[in-house]
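Peer 1: What follows is the residue order along each chain.
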Amino acid sequence: MEAYEGESIAIALYAIGIDVFSWSPKLGRPRGPLCMIGKCSSCFMIVDGVPNTKTCRFPVREGLRVERQRGWTTPPPKPIIDEVESLEIKTDVLIIGGGPAGLEAASILSKSGFNVVIVDEHFKLGGQLLKQTHKFFGSVDLFGGMRGFQIAEAYVKNLLSQPNIRVLTETVVYGVFRGGLVSAVSPSKYYLIKPRAVIAATGAQEKLLEFPNNDLPGVMGAGGAQTIMNEYGVKPGERALVVGSGNVGLIIAYQLLQAGVKVEAIVEILREIGGWFVHAAKIRRYGVPILTGHTINYVVGDSRVEKAVVVAVDEKFNPIAGSEKEYNVDLVLLAIGLEPDARLHAQAGALMKYIPELGGLIPLRTRELETTVRNLYVAGDSSGIEEATTAILEGRIAAYSIMSKYSDGEKAISVEKELDKTLKFLWDEYRSSPLLSRARRGKELATVSKEEMEELRRKYPPPVEFR
Amino acid sequence: MNLGEIMLDMDYRRRGYIEIEELKELGLLPPRDRLEKGPVAVLECPEQIPCNICAPFCPTKAIQMKKIIDIPRVDWNKCTGCGVCVAVCPGLAAFVVDLSKPEADYVTLPYEFLPVPVKGDSVILLNRRGERIGVGEVTRVWERNKTYVVTVKVPKGFGMEVRGIWVERR
Ligand SMILES: Cc1cc2nc3c(=O)[nH]c(=O)nc-3n(C[C@H](O)[C@H](O)[C@H](O)COP(=O)(O)OP(=O)(O)OC[C@H]3O[C@@H](n4cnc5c(N)ncnc54)[C@H](O)[C@@H]3O)c2cc1C
Ligand code: SF4
Ligand code: SF4
Ligand code: FES
Chain A
1 MEAYEGESIA IALYAIGIDV FSWSPKLGRP RGPLCMIGKC SSCFMIVDGV
51 PNTKTCRFPV REGLRVERQR GWTTPPPKPI IDEVESLEIK TDVLIIGGGP
101 AGLEAASILS KSGFNVVIVD EHFKLGGQLL KQTHKFFGSV DLFGGMRGFQ
151 IAEAYVKNLL SQPNIRVLTE TVVYGVFRGG LVSAVSPSKY YLIKPRAVIA
201 ATGAQEKLLE FPNNDLPGVM GAGGAQTIMN EYGVKPGERA LVVGSGNVGL
251 IIAYQLLQAG VKVEAIVEIL REIGGWFVHA AKIRRYGVPI LTGHTINYVV
301 GDSRVEKAVV VAVDEKFNPI AGSEKEYNVD LVLLAIGLEP DARLHAQAGA
351 LMKYIPELGG LIPLRTRELE TTVRNLYVAG DSSGIEEATT AILEGRIAAY
401 SIMSKYSDGE KAISVEKELD KTLKFLWDEY RSSPLLSRAR RGKELATVSK
451 EEMEELRRKY PPPVEFR
Chain R
1 MNLGEIMLDM DYRRRGYIEI EELKELGLLP PRDRLEKGPV AVLECPEQIP
51 CNICAPFCPT KAIQMKKIID IPRVDWNKCT GCGVCVAVCP GLAAFVVDLS
101 KPEADYVTLP YEFLPVPVKG DSVILLNRRG ERIGVGEVTR VWERNKTYVV
151 TVKVPKGFGM EVRGIWVERR
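Note that the protein sequences, when read in sequence, are chains A and R. For the first sequence, the working numbering puts the final residue at 467, and the numbers step up evenly by one. For the second sequence, the working numbering puts the final residue at 170, and the numbers step up evenly by one.
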């Protein structure tokens, strides 16, 4: 088959109408892509003989052999690559994740003369910005008014002009080891990195919802559908039902309309719309109903979604019998929230806490975003779900915080000033919006003072540190 | 904030669209005499979201915001109805209405769908609830970063109702 350069295998298949990628091991149920950002494993296929390849993160190439996978597979008979190059890198700062948080930190640090290595498992930088075609809020100096993918382009252009930055794409950081060593792999290289400081800005993954047949191809994360249509220009289906009316659900509904997909309804289990009014108004005026007090009951289909049944719920969120409504849809998009991906922080031994307001498990940190692992920072969605503007601000804070440790005299004073200004803006202005109060409360719960941090480090000494 | 305002607040958050009465209560509607003078901006942005894009872009400095989370307030006397706010607002919440003409009203709104309308097109008129309430004629179209700013001539009395258009595929 033919495909476009710069596409992933998953997209190339989706574009020609293939949506069953494998069959599950036990029950042989069809599986198709779900998250499209390398987090869920439901797009696994056999690629050039290698089973369990994440096709959503694998760029198409001339002559690739792609096969559907049936249940458990055997390992490839012989090594795929004859020789893996192994490289050791010493750097000032290692940034894991090339979303807005990582990109902002990388651009500040590299401009100030630090040697920076930025790693992303995707084959392009940008993180979630890549799939966002809508204009961003915020203020003009925080890219407000620009479209997400344009923000990513601006960052990347700026970074590539810096000599002291090394960009490693298609490279996964998989672990932190004794002596402050970090390991990463790409399809042909193995890296052992020794950084003096690390910012792990690894983003988030979408949450799933339990209902009968939720594993059928066509049930997808809202972000997954966004990747398909906005990043690659492929129409993800014909008729959709969106579950969840937070900003993500509202925005995806609008983008589906733009792609020519009919949006039958958005269902929201609460009595009120979750996202901002302006986003809701944008789709209501094109006639998309938002059914509050409703949830998805189940979907029906043979090898993909053919129908979705929604149901009204009572005050205790129990389905009300007889209130079922049926929609003929081929897409059911879940937009019920994101969950921080802080697995690397946890693996490095940083002290973690479960905070529902932030979407899940996150590392405790100081206001300057340092975790209990000395010189390991957290920023962006992996520090607790908010949005791109706060991810940028947190990336900035982590960068200034690292800079302030390695500078003195006049320079130190000016860095401290910038750090303080950013902290003030983020906490006292930006997060003072009543619409952000829940996330703010979460971030307060996740933040400890410097003294408390030292106390925590004494009580729960982390196994590694960077210096 | 008194109880009445809180109740009001809940209503548009439940429905996803705002009523003209609510806009009036919130002080977001230009006074009658200003509306009758000529084109003027109506920002249907009632919540304290962290956004202030419209303020720095307004060429006449008619939009006042001190903090990023303030609700944008238009100084109706400074506003010329130029439509720049319609083009830049990421919430697609800015509109310009002109109720001053005797034969028809004019509404300027953002449009981000295909096909792009052109001057002279007849388009379907949509209200805030997405109901088709008539047919209008496109009188002007310009673009800024892929948002089309479209002015439509609508039947007299529809200027405060029409908030969307639909262009049938050609
Ligand atoms: C539908 C939708 C609409 C949105 N709209 C808005 C909006 O209007 N305004 C706004 O401000 N925000 C918006 N957001 C939110 C915003 O996109 C995210 O909050 C933001 O992208 C988070 O940035 P980040 O840098 O923390 O993570 P991400 O952008 O998720 O980037 C993380 C990166 O880390 C990489 N990575 C993860 N683990 C590893 C590893 N082990 N090794 C190597 N690389 C790794 C990933 O590949 C990814 O590229 C929206 C989000 C969605 C889903
Ligand atoms: S219409 Fe023009 S002058 Fe009036 S508020 Fe908008 S940008 Fe300012
Ligand atoms: S630009 Fe739009 S969303 Fe932002 S404050 Fe102005 S009217 Fe509200
Ligand atoms: S890992 Fe590829 S779709 Fe989730």
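These aren't lab readings, by the way, just hints derived from the structure by calculation. There could be a bad hint or two in this list.
Listed next, the in silico EDC-like pairs over lysine to aspartate or glutamate satisfying Cα-Cα at most 16 Å (straight line) [what the hints assert, rightly or not]:
no.: 1; chain 1: R; residue 1: K67; chain 2: A; residue 2: E429
no.: 2; chain 1: R; residue 1: K67; chain 2: A; residue 2: E272
no.: 3; chain 1: R; residue 1: K66; chain 2: A; residue 2: D428
Here's a subset of chain A near chain R, in silico, CB distances under 8 Å, partners left out [said to hold, decoys possible]:
no.: 4; residue: A3
no.: 5; residue: T169
no.: 6; residue: V278
no.: 7; residue: A281
no.: 8; residue: R285
no.: 9; residue: A346
no.: 10; residue: Q347
no.: 11; residue: L456
Predicted model, so just to flag it, every value in this text is computed and none were measured. Backbone N, C-alpha and C fix where the C-beta goes; we use that ideal spot for every residue, glycine too.
Peer 1: Against each hint, give a clear statement of whether it holds in the structure.
Peer 2: Hint by hint, here is what the structure shows:
Only pairs whose Cα atoms come within 16 Å are accepted, and K67 (chain R) paired with E429 (chain A) is accepted, the gap being roughly 7 Å. Only pairs whose Cα atoms come within 16 Å are accepted, and K67 (chain R) paired with E272 (chain A) is rejected, the gap being roughly 27 Å. As the CA atoms of K66 (chain R) and D428 (chain A) are separated by approximately 13 Å, the hinted pair is consistent with the 16 Å bound. Checking A3 (chain A) against chain R: minimum C-beta separation of about 24 Å lies over 8 Å; hint violated.
Evaluation of the T169 (chain A) hint against chain R yields a violated restraint, the C-beta minimum of about 27 Å exceeding 8 Å. Satisfaction of the interface hint for V278 (chain A) is found here, the shortest Cβ-Cβ separation to chain R being roughly 3 Å, below the 8 Å cut-off. The interface hint given for A281 (chain A) holds, since its Cβ lies 6 Å from the closest Cβ of chain R, which is under the 8 Å cut-off. A cut of 8 Å between beta carbons decides the hint on R285 (chain A): the least distance to chain R is about 4 Å, and the hint holds.
Evaluation of the A346 (chain A) hint against chain R yields a violated restraint, the C-beta minimum of about 30 Å exceeding 8 Å. With 8 Å as the threshold, the beta carbon of Q347 (chain A) stays out of range of chain R, its nearest partner Cβ sitting at about 33 Å, so the hint is violated. For L456 (chain A), the suggested interface contact is broken, since its CB lies about 31 Å from the closest CB of chain R, more than 8 Å.
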